[in-house]
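*Asks:* Protein chains in written order, with our numbering: chain Z, 1473 to 1718; chain Y, 5 to 140.
Be aware that one or more of the hints could be misleading.
If you only want the chain Y side, here are some residues facing chain Z, beta carbon under 7 angstroms, derived [what the hints assert, rightly or not]: (1) 29; (2) 30; (3) 51; (4) 53; (5) 106; (6) 107; (7) 108; (8) 109.
Footprint (simulated), chain Y over chain Z, 3 or more residues, beta carbon under 8 angstroms [to be verified]: (9) 1562–1572; (10) 1698–1705; (11) 1709–1715.
Pairwise CB distance ranges (calculated) [stated by the list, open to error]: (12) Z/1606 - Y/36: 50 to 58 angstroms; (13) Z/1607 - Y/72: 49 to 57 angstroms; (14) Y/94 - Z/1557: 36 to 44 angstroms; (15) Z/1609 - Y/72: 52 to 60 angstroms; (16) Y/72 - Z/1681: 52 to 60 angstroms; (17) Y/72 - Z/1606: 52 to 60 angstroms; (18) Y/70 - Z/1532: 41 to 49 angstroms; (19) Y/113 - Z/1607: 47 to 55 angstroms; (20) Z/1616 - Y/72: 40 to 48 angstroms.
FYI, nobody ran anything at the bench for these hints, they're computed from the structure.
Everything numeric in this text was worked out from a predicted model, so none of it was measured.
Ideal placement from N, C-alpha and C gives every residue a C-beta, glycine not left out.
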Amino acid sequence: MRTLAALSIAGAVLMTVSLGAQTRLGGNIRANPPTGPVPRLADGKPDMTGVWLGGLPVGDISTALPKGETMPIRSEWKKKMDAFQANDDPQAHCLPLPPPRFTPYPWRMVVTPTHVFFLYEMYDYRQVFTDGRKHPSGDDLDPTWKGHSIGSWEGDTLVIDTVGYNDKTWFDNKGWPHSDKMHLIERYTRTDLGTLRVEMTIDDPVAYTKPFTVTGAARLMPKDELIEYVCDENNQDAPYLQGAKP
Amino acid sequence: MKIIAAIVLAGAAAITWVAPLHAHHSFAAQYDATRHVELKGVVTRVEWTNPHARFYVDEKSERGEVTSWNFEMASPNVLVRNGWKRTTLTIGDQVTVTGYLARTGPPSGPKMAIAESLTAADGRKLFASTAQDLTR
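The shape of chain Y in the complex, shown without the other chains (with noise of 0.2 angstroms):
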């Protein structure tokens, strides 16, 4: 029971606290809170990079056509904060990603969309960024 009740303690004191996660740039000026995606695929590479941790995805469709993405994270320094080691998503992971399209990006290569929820073929829900953060 005395473990029990330090879990919820912890718990509880989670959400004492509502930390600012994300920074760097203004998420309106970049991303469209209207043009929501949603998609599944394999994870190519992943950026472990600042200011923003990425990782790429190839979409295929039923008709067999592959459409690259490039999902924009939080920094490394949020996402160890958050339980994530730089090996927590790895090339070759199947995923489940939701998030939001940047309004522009480079003419050519992986369209630019920042993660708002991400979930591992295994079912593990990874801790994104994210998106609700940047709109505060």
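Isolated chain Z, as found in the complex (with noise of 0.2 angstroms):
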């Protein structure tokens, strides 16, 4: 009886909170995801516009690895990354988290005809050019947190292929590094109408010995909308942080 009073006050805080997201910002973190079919574009494209969350693990990546298999990092990086203190973490500092790192907070793509936009309510956005274009190549290509972006469709697949990143993004809280020559793959699949797929491929040479592959998921949050996150207003934990990264 215990039990069902508790479940029964948590259903009527979700009840009210719900209700409540009708005017205000903000959903229901802890719904499922609704089930259904797959919604289409036009075109006949699965459509991926909306809110989701998750995607990647935000604490370990390398737990996202197929089972068995271990991050193929190179030695001389491993110490680097073993030396980062919580400090270094750009996240402590309100700098970009671009994939492969998720974050706690929910995102929205936004699908056109030319881009895809990913706009990320901790911190930031992606611009994705879906209009045929190819990377910029030399100097045209500078190191940038997020690096460039070009996105095609493989059936019902978006892949989204990136290069030109700077050295400073980390993979996840737990630091796995990368250098500015990674090329990242990125695949999204829209699996059910609350489902998405998300499946990365990291090709370093610099700091891995092979390319490796890792899975998740993202959720749809059908009733939410993005908030405002501007990280920088009120900081004041950075000066504070000590010691290892966790």
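Once you've looked at the hints, go ahead and assemble the two chains, each given alone in its own frame, into the complex.
*Replies:* In structure tokens:
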């Protein structure tokens, strides 16, 4: 009976929150994703537009490797990683957290005929060109936090190819690093109404001995909207982070 | 009966997905899990800001000495998704707080800590953050 009462209270709280979400921003972060067929655009491609939560593990992406595999990191890069301090995490300084790093907050995908935009509640946006252009080459490719992304469709899967990274971002809270030679291939497949399969292949011959692939899933947050998150406004923590990363 | 069933189902759904609620920095790098604090006091300021909301509490000892505290909570986006409004906690509210002390902090001013649980004088238990999430 106690369990029933506890569940009832939890349910009542949820109902209040979800009713409130109709006018206020913010939905029920714990709700199960909806089920149903994959929505499609007029041209027949899957419509991935929506607010999603999740993707790959926030804490340690090596847990998203195929069973039995380990991160093929080169020893000198593992030493570099082991020396990271908590205060070295770009996240602690409100700096960008591009894939393969994911955040605990929702993000929205917007698909247009020429671009795909990722709007991340936590800090940032990304643009992906789907108009057929190629990556810039040579001096035209500037190293940036989010790189240069081009996208194309393989059947029902959106494939995003990115190069031109700087070497300042981490893959997760644990701090798996990469070089500025990283080539990332992201594959997004909407497997049903509420689920987006995420597969990422990381090819970084400088920091890793071979390419590796991590997989996960995001779930649809159908009643949610992005909420403003201006990280820099009152970041009192950064000066007081001590010691090694978790 | 239908309503009860719906509520129970909603409750069951609530425990199916365990959502990560906290981000931005590691718990262990800033707070000391062995230094638990529990106090009663009056809210003197609320900062509805990112990357963390904060509330400040003045705790008065029996001898009348006042200790000021700066408690970190989750970010407003997380608090809102857990039922909060900006006005849920206001200046003058009597609160009971538990949490963990920061390993270090500013040399002067309120003591830094992170809230673990927060109860208003009228008995409202308010979602705070929190520490358990940071330790995962």
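*Asks:* Against each hint, give a clear statement of whether it holds in the structure.
*Replies:* Evaluated hints:
A cut of 7 angstroms between beta carbons decides the hint on residue 29 of chain Y: the least distance to chain Z is about 5 angstroms, and the hint holds. The beta carbon of residue 30 of chain Y comes within 4 angstroms of a beta carbon in chain Z, closer than 7 angstroms, and the hint placing it at the interface holds. Contact between residue 51 of chain Y and chain Z, as hinted, is supported at the beta carbon level, the nearest pair being about 6 angstroms apart and thus within 7 angstroms. Interface restraint check for residue 53 of chain Y: the shortest CB-CB distance to chain Z comes to about 4 angstroms, inside 7 angstroms, so the restraint holds.
Taking 7 angstroms as the C-beta contact cut-off toward chain Z, the hint placing residue 106 of chain Y at the interface holds, the least distance being around 6 angstroms. A distance limit of 7 angstroms between C-beta atoms decides the matter here; for residue 107 of chain Y the minimum to chain Z is near 6 angstroms, and the interface restraint holds. At a threshold of 7 angstroms, the smallest CB-CB gap from residue 108 of chain Y to chain Z is about 5 angstroms, leaving the interface hint in force. A distance limit of 7 angstroms between C-beta atoms decides the matter here; for residue 109 of chain Y the minimum to chain Z is near 6 angstroms, and the interface restraint holds.
Judged by the Cβ-Cβ criterion of 8 angstroms, the stretch 1562–1572 of chain Z is covered by chain Y as claimed, because 3 of its residues qualify and three suffice. For the stretch 1698–1705 of chain Z, the stated coverage by chain Y is satisfied: 7 residues place a CB nearer than 8 angstroms to a CB of that chain, which reaches the threshold of 3. A stretch counts as covered by a chain when three or more of its residues have a beta carbon under 8 angstroms from one of that chain; for the stretch 1709–1715 of chain Z and chain Y the count is 6, and the coverage holds. Checked against the hint of 50 to 58 angstroms, the pair residue 1606 of chain Z and residue 36 of chain Y passes, with Cβ atoms roughly 52 angstroms apart.
Range check, residue 1607 of chain Z to residue 72 of chain Y: Cβ separation about 54 angstroms, and the 49 to 57 angstroms hint holds. The hinted window of 36 to 44 angstroms between residue 94 of chain Y and residue 1557 of chain Z holds, with their beta carbons roughly 38 angstroms apart. The hint said 52 to 60 angstroms for the Cβ distance between residue 1609 of chain Z and residue 72 of chain Y, and at roughly 58 angstroms that hint holds. Look at residue 72 of chain Y against residue 1681 of chain Z: about 53 angstroms separates their beta carbons, and that is inside 52 to 60 angstroms.
Distance hint for residue 72 of chain Y and residue 1606 of chain Z: a CB-CB separation of about 59 angstroms, consistent with the stated range 52 to 60 angstroms. Roughly 43 angstroms separates the CB atoms of residue 70 of chain Y and residue 1532 of chain Z, a value that falls within the hinted 41 to 49 angstroms. The supplied range of 47 to 55 angstroms is met by residue 113 of chain Y and residue 1607 of chain Z, whose beta-carbon atoms lie about 50 angstroms from each other. Separated by about 43 angstroms at the C-beta atoms, residue 1616 of chain Z and residue 72 of chain Y satisfy the suggested range of 40 to 48 angstroms.
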